[in-house]
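> Sequence:
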Amino acid sequence: MGKEKVHDHAYNGGKTDGETGGKTDGETGPAASGTAPVGTATPEEAGAALGAEIVRFSRLLAAWKQRVKNEPCAAERILLARLVTDGPRRATDLATEAFLDLSTVSRQVRSLVERGLVERRPDPEDRRGYLLSATDAGHEAYLEFRRQRDAKYGALLTSWSPEDRYQLIRLLIRLNDDLADFAHEHLGASPHPGTAVEQGDKYA
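In terms of my numbering, the sequence shown is residues 914 to 1117.
Please note that the accuracy of each hint is not assured.
[Unchecked claim] Have a look at the derived ranges for each label pair, beta carbon to beta carbon:
1. 956 / 1080: 46 to 54 Å
2. 998 / 956: 49 to 57 Å
3. 1063 / 971: 26 to 34 Å
4. 954 / 1070: 20 to 28 Å
5. 1080 / 1040: 50 to 58 Å
6. 1029 / 1094: 23 to 31 Å
Everything labelled a hint here was simulated from the structure, so no lab data went into it. Just so it is clear, the structure is predicted and the values come from calculations on it, not from any experiment. From the three backbone atoms N, C-alpha and C, an ideal C-beta is built for every residue, glycine too.
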């Protein structure tokens, strides 16, 4: 099988020679046959390439969201998703679980309450505090966020083969699991129980 280094692969947008038109008629090999390319990368090479692509992905995604009208900010989606999937929470608990500053949570919760998506009620265990919970409108907004998210990424991957889509999901789940373990072991973050789908639902 042909081999390509990870840094060579990255320069043509992740496409093999066959996908970019580099192969001529009659040539054979992984790219020409549609077989996934096989390559190797040291941890240093993989770290450099992955870091660059994550930054690129984040910038492209941010630019995409700026062009979508009425798109709620990421913090709002995360907080609403937490309240829908996990139930009533204190603002301090939300901040810890969502890895957000308490000031950010307070600001976004105020907006969600004003729009009727979240409500405050006295905490039965501490009358000086409040519990936050999603309203019926908040539940529907969360489901709409999910529908929009799933449709958006589904449309993005229509040109991919079923095998490539499967491999993308499989490897991204593995990467996220390792990131969650690293955050728990080295940064003191709470562990992430539940399946990958359940964890993803908490972030809408």
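> Work down the list of hints and note, for each, if the structure agrees.
Status of each hint after checking the structure:
Residue 956 and residue 1080 have their C-beta atoms about 20 Å apart, which leaves the hinted 46 to 54 Å range violated. A beta carbon spacing of about 35 Å between residue 998 and residue 956 contradicts the range 49 to 57 Å that was offered as a hint. The hinted range of 26 to 34 Å is not satisfied by residue 1063 and residue 971, whose Cβ atoms lie roughly 20 Å apart. About 24 Å separates the C-beta atoms of residue 954 and residue 1070, a value consistent with the hinted range of 20 to 28 Å.
Between residue 1080 and residue 1040 the beta carbon distance is about 53 Å. The supplied range of 50 to 58 Å therefore holds. Checking the proposed 23 to 31 Å range against residue 1029 and residue 1094 shows it is violated: the Cβ atoms sit about 38 Å from each other.
Consistency with the previously given hints fails for numbers 1, 2, 3 and 6, ordered from lowest to highest.
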